[in-house]
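Work out the full structure: start from the sequences and follow the hints.
Okay, here's what each chain looks like letter by letter:
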Amino acid sequence: MSIKDAIDLLFAARERIDFYWNFYVVVVIAVVGWIVTRKEPLTRSTRLLVTVAYLIAAATNLVGLYGSYAFAEALRIDLLRMTAGSPLTETRMLLDQHSYVSQRLSAVAIHLGVGATILLVVWFGGRGSERKDASK
Amino acid sequence: MSLNNVAALAAVLAVLAGVSTPVSAQHEGHKMPGVSDTTKKKPATMPKAKASKASAKKKTTAKPRSASKASATKASATKRPAAKKAVSATKKLPPTRPATTGTPSHSDSLHKAMSKPSADTMKMDAPHTGQASDPAGKMPMSQSAGASMPGASRVHSGHDMMSGPLSLTMDRMGSGTTWIPDAVTVPSRHRMFGAWEVMAHGFVFAQYDHQSGPRGDDQLGSLNWAMLMASRELAGGHLQARTMLSLDPGTVTSRGYPLLLQTGEAFDGEPLHDRQHPHDFFMEVGLLYQREFNPRIAWSLYAAPSGEPALGPVAFMHRPSAMDNPAAPLSHHWQDATHVSFGVVTAGIFTRRWQLEGSVFNGREPDEHRWNFDPIKLDSYSGRVTANPTNNWSLTAGYGYLKSPEELHPDEPMHRITASALHGRVIGADGQAASALVWGVNRHGGDTKPTHTFLVENETILDKRNTIFGRAELVQKTGEDLALDESSMPVLNGSVDVSEMRFNVGAMQLGYIRELARRRWATIGLGAGATLNFVPKSLEDVYGSRNPVGTFFFLRVRPFHLNPGVMQRMNGMGTSRRVHVD
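Chains C and X supply the protein sequences, listed in that same order.
Residue numbering for the first sequence follows this note's numbering, beginning at 26 and increasing consecutively.
Residue numbering for the second sequence follows this note's numbering, beginning at 12 and increasing consecutively.
No wet-lab data here; the hints were simulated from the structure.
Mixed in with the good hints, there may be bad ones.
FRET-style restraints, in silico, Cβ to Cβ [what the hints assert, rightly or not]:
1. L521/X x V51/C: 15 to 23 angstroms
2. R364/X x T85/C: 51 to 59 angstroms
3. S124/C x T264/X: 45 to 53 angstroms
4. S498/X x R63/C: 27 to 35 angstroms
5. R364/X x G89/C: 48 to 56 angstroms
6. G89/C x R302/X: 55 to 63 angstroms
7. N477/X x R63/C: 22 to 30 angstroms
8. P306/X x D30/C: 53 to 61 angstroms
9. L80/C x R364/X: 54 to 62 angstroms
Here are the computed lysine to any residue pairs in the SDA-like style, where the Cα-Cα straight-line distance is at most 25 angstroms [stated by the list, open to error]:
10. K475/X x L130/C
11. K64/C x P225/X
12. K548/X x G150/C
13. K64/C x D552/X
14. K475/X x A217/X
15. K64/C x L145/C
16. K388/X x L419/X
17. K475/X x G138/C
18. K414/X x H380/X
19. K548/X x M512/X
20. K475/X x R129/C
21. K548/X x V560/X
22. K64/C x A541/X
Backbone N, C-alpha and C define an ideal beta-carbon position, used for all residues, glycine too.
Written as structure tokens, this is what we have:
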């Protein structure tokens, strides 16, 4: 494999990463938008349906994203190895510092944090106003 | 290691470690495939002799004023830290092969390494002028940012096209005659048509707006505006014709869009409340003429049947700190509401660092008939001082007397004082952070107590994909502003005139935009924003809660953002650039 091939693959990996993030943002905004703008309280079955659909979308996305980051990280390491001895020492140093590991961990943390928040809102959001309505 | 490998590694760096690569070279608009495709047909690196010839030709055809422009170029080198950084960054790279041979250079190899299909490609089909890509003019061509990276090597000096009197760039202009910090930009595109330089920019939001509570509402609509500016040299000065149009009256109706606690203007003879009025179709139609007294001081004259007087900060949709935020500030009618005035004449003097202006204008707010010009009058006046002490700051303060601003209270004049501080800085290769702090106060004729407003907002374009924005406001509104009456507050039993009561209301907003796609010269973003409003206990029943919530979900289309260094280079290519879609 030439350096050019490795770079092409890295481009492809980055495009996939962008795609997965785009997909994730679309899903999250769609779910949040639906929760916020709904007129009626959610029924139990609707909550279950939303939960399952969201978990499937988020989990699939996270698996793809995690894999793409892992692939990009592997390519980065390989590129460093392939260019060992290059006169571009500062360039290599920057490449060396630009690890995808932290981004991969951030992706996991964001998926878990946002997912937990959405599911909390789906299951427990609006309970206060429902009780208030019932008491009236 | 072969040259190909060196170039390839640089390409990896360009993609992966954006913060440290030259701004001009890293931006997609410059680096991407269209460039390399074109390069195969027309080598990016021109033989030096040819470059010198082109440069010499340019010098002979230059107007006498080019001397001051040259000095301005030098000044600009100190003014644009991003550009300077770009040059210094490339100094670290090993020297490239001299561009005199015409044989494949690092840049060519880099082009090949980076050849990938992309929609936003650009072709530069005219020769470059050599030293222009080095803003400081101190580096040999082969070591300048332009020569060391593809695309950028064919960049002209931005000052050839962009600069007006005192070599101030068009990009400093906000709304009307306001200034924004030099370090940040409002996305726009420039192109030359003969002697005219045309700048276009605009935003289109397609949004779902949901405001909670008894005074809330829902709406699916579109907020939008487009602006066209055409400039040219005229009679020793600089003439700029402008128009700014909006289809808001059709896309969010003449009643505007729901926005809790928002007030101002009228519809069907009633004051609008908890809704933001739409902009008029003719937001701006005007002419600006600027001319130098001497190389340090210039004067300006702005006349507009529809335009913005010298009052208040940059209008919110032109502020880099709010441009991607679809919601208007609650303090709009205390700060920048005169940005659409039917009849404005403004005169000013300015240097590169400060500006002093005075206006006579029509103080009446636009009426509810949004598609036409309102009657043009010059019955109000204002004055404003602006200072851009550094590239990162723009400070303003001003006063205005509005003779009869409100249609429903035509006998009530108003005094308005505003002050603002706008800050901006570049983030990495593709981002910027812009903030604004604005204070505005209105005092109606006959009132002894003015009402105050404070606004803090920020928009940070983190990179090509992610933008966050936010705003916090504290606003004093009267019962009349909020259209409250005795029935709204029965607990008072009519003991107090509710319309005269003052309420401190507030709002905190956060939003995020993800750029989903970039096409030709525009970027399409999907975003959401939520506002938590704060009302006093006395208004809890009116709004259904002490903290009613407003949300926006939207798609937004606008020109993609370029940092000033990149923008300067791109605009410098105005005469030779042809943007196209492959």
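Below or equal to 25 angstroms on CA atoms is what counts here, so check K475/X against L130/C. Since the Cα atoms of K475/X and L130/C sit roughly 21 angstroms apart, the hinted pair holds (cutoff 25 angstroms).
Can you confirm whether the C-alpha distance between K548/X and M512/X stays at or below 25 angstroms? Roughly 14 angstroms separates the two Cα atoms, so the pair holds.
Would the hint linking K64/C and L145/C be met if the CA-CA limit is 25 angstroms? holds (19 angstroms)
Starting from K388/X, check that the Cα of L419/X is at most 25 angstroms away, please. Roughly 18 angstroms separates the two Cα atoms, so the pair holds.
Is K64/C within 25 angstroms of P225/X, Cα to Cα? holds (13 angstroms)
Taking 27 to 35 angstroms as the stated bounds, is the beta-carbon spacing between S498/X and R63/C within them? Cβ of S498/X to Cβ of R63/C: about 30 angstroms, so the range 27 to 35 angstroms holds.
Distance restraint evaluation - S124/C, T264/X, Cβ atoms, bounds 45 to 53 angstroms: holds (51 angstroms)
Starting from the hint 54 to 62 angstroms, judge whether the C-beta atoms of L80/C and R364/X obey it. At 57 angstroms between Cβs, range holds.
Is K64/C close enough to A541/X, meaning Cα to Cα at most 25 angstroms? holds (18 angstroms)
Take the C-alpha atoms of K475/X and R129/C, compute the straight-line distance between them, and say whether it is at most 25 angstroms. holds (19 angstroms)
Holds or violated: 22 to 30 angstroms for the Cβ distance of N477/X and R63/C? Holds, at about 28 angstroms.
Between K475/X and A217/X, is the straight-line Cα distance small enough, at 25 angstroms or below? OK: K475/X and A217/X at ~21 angstroms, within 25 angstroms.
Consistency note: the structure conflicts with none of the earlier hints.
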